[in-house]
Amino acid sequence: MLQSQTAILERNTTLSGDFATEPFETGWTREARWFFQILSTEGDPQVELTTQVSPDGLTWVDLDDLRQVSGELTTWPVREYGHWLRIRGTMTGGSVKVRIYLALKS
Amino acid sequence: MTSVDTDSLRAAMRDAIRASDVRLSKYNPLPRILALDDFNEGTNGWTELIGNFNGRGDLDTVDAHMRDFRTPQLSNATFFDTGTHGAMTGTYSLKLATRPYPGHTATAIRRLTMAGRGLVQIEAYLTYKAEAQLGGDAERDQYGDVAWDGNLHPSEAQFGAFTVATDLCGDGGRRYHTVARFQNTDADGNLVRRLSYPVVPEPTPKEHLEGKFALPYAADFTAPDPNDWRYLGDPIEMCFNEVPTKVNWHYVRWLVDTEKRRNVEFQLNDRIIDMSDVPVPVYDEPYESLDNLLNFYFSVRTLSGVRNFLFLDSVVISADW
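If you read the protein sequences in the order shown, they are chains E and L.
Residue numbers for the first sequence follow my numbering, beginning at 3 and rising by one.
Residue numbers for the second sequence follow my numbering, beginning at 32 and rising by one.
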């Protein structure tokens, strides 16, 4: 039986400006998928996100290009990322209240 | 004709079989093992605790101090200086990680029910760390009581507390908690290293709705007023092992009695502390929907604002019913 886990990294959190999620350990997993759910917005926020990886949970680097967020639910897969994952994001023109899910499989 | 003491024989055979099992021989469980949780095999039902939400799933209705206890992580304990540390057994342990925010708590809860009354025991091999700090200036070489001297390391003073606790209910809706906390430091980073317990029950979401309290983010959900905590026993010398990247596993065993609704004793490595006189406050109102509740949780709380971690190699829950 393979293992799986979903982590809720942000829960009804209002984000604005630059932000990063808390580090999450993924060394046991082979695949991951982000779900970035917008619950409400203030203003006209432009949201850009990217996956970041780390060798030690302390120092981080972008894994891919920034992606624009549109609609209620944005999702993307991640592979070959090592032992930690997080999201880095930037927001201009407003704020968003979000839930962020990280779905992991071994 | 020689009579056979079947109870003694059964116990002796059980001890012998368990002693030959490499996973169980490092534990001292009661006769019936309810859970043997090795985190090389997933999270085993240890999940994030959260407060209660309304009928519309609006998580804004969850109490602010119970909304962000963080999902437990399967960790291989990799550090910046030596790479992967691994667990006591195998590669993975369960890691509870706080945010880098003073007072923030991370939790993992295990939800069971009771099929009887009597002794219940939780055992674990665990270790605790503050997150390593990289960069900065010489001020980083001291925190609270501890200055770096080549051996001692300020990281030890940046770890606040870890807790093991229960949430129990039965016998006509009588709900109560038993709580054992290792308080490593106070809010100023002074070393305390003592077992402590609260003398009040945990605040509940219903009490909040009734206007009895409103706690801020990062309040101590177990008992928010520091004056409601008491120390028990002398300071306990632990094996933090100097720097934040060396992991030594500690044995914890905690026995409670659900027949008497009392604590019994707490063991941390070679220290055994009698908890039989520790008060166990019961909620005034009887509870519905919680019959035979048997929950255990571990938590970790940072006071320094540095991320604090509690690693659980494995956990055994056992009972005598």
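The hints are simulated quantities; they were obtained by calculation from the structure and are not laboratory data.
Please note that the accuracy of each hint is not assured.
Negatives, chain E to chain L, calculated, CB over 10 angstroms [as the list claims (entries may be wrong)]:
hint	residue
1	Ile10
2	Asn14
3	Asp20
4	Glu24
5	Pro25
6	Phe37
7	Ile40
8	Leu65
9	Trp78
Pairs of lysine to aspartate or glutamate residues, derived as EDC-like cross-links and limited to a Cα-Cα distance of at most 16 angstroms, are as follows [claimed, not checked]:
hint	chain 1	residue 1	chain 2	residue 2
10	L	Lys277	E	Asp58
11	L	Lys291	L	Asp217
12	E	Lys99	L	Asp89
13	E	Lys107	E	Asp58
14	E	Lys99	E	Asp20
15	E	Lys99	L	Asp91
16	E	Lys107	L	Asp217
To give a feel for the contact side, a few chain L residues facing chain E, derived at Cβ under 7 angstroms [unchecked claim]:
hint	residue
17	Gly73
18	Thr102
19	Gln104
20	Leu105
21	Ser106
22	Thr109
23	Thr113
24	Ile140
25	Leu165
26	Asp168
27	Trp179
We put the beta carbon where it would ideally sit given N, CA and C, even for glycine.
Is it the case that E:Glu24 keeps its Cβ farther than 10 angstroms from each residue Cβ in chain L? Given a closest Cβ separation of 6 angstroms, the condition is violated.
Hint consistency between L:Lys277 and E:Asp58 [alpha-carbon to alpha-carbon, up to 16 angstroms]: holds (14 angstroms)
Below or equal to 16 angstroms on CA atoms is what counts here, so check E:Lys99 against E:Asp20. Between E:Lys99 and E:Asp20 the Cα gap is close to 14 angstroms, so the pair holds against 16 angstroms.
Interface restraint verdict for L:Ile140 against chain E (beta-carbon cut-off 7 angstroms): violated (14 angstroms)
Would you assess whether E:Leu65, listed as outside the interface, keeps its beta-carbon beyond 10 angstroms of every beta-carbon in chain L? holds (17 angstroms)
Is the hint on L:Leu165 kept, meaning its closest Cβ partner in chain E is under 7 angstroms away? Constraint on L:Leu165 satisfied, holds at 6 angstroms.
Does L:Thr113 hold up as a contact with chain E if the rule is Cβ-Cβ below 7 angstroms? violated (10 angstroms)
Straight-line Cα separation of L:Lys291 and L:Asp217 no greater than 16 angstroms? Distance of about 33 angstroms is beyond 16 angstroms: violated.
Hold the hint about L:Leu105 up to the distance rule: shortest CB distance to chain E must be less than 7 angstroms. holds (5 angstroms)
Just want to verify: E:Asp20 was marked as not at the interface with chain L; is every Cβ pair farther apart than 10 angstroms? Given a closest Cβ separation of 16 angstroms, the condition holds.
Supplied contact hint for L:Gln104, tested at 7 angstroms Cβ to chain E: holds (4 angstroms)
Do the numbers back the hint for L:Thr102, that is, is its least Cβ distance to chain E under 7 angstroms? Holds: closest Cβ of chain E sits about 4 angstroms from L:Thr102, inside 7 angstroms.
Checked against the numbered hints listed earlier, the structure breaks hints 1, 2, 4, 5, 11, 13, 16, 23, 24, 26, 27; every other hint is satisfied.
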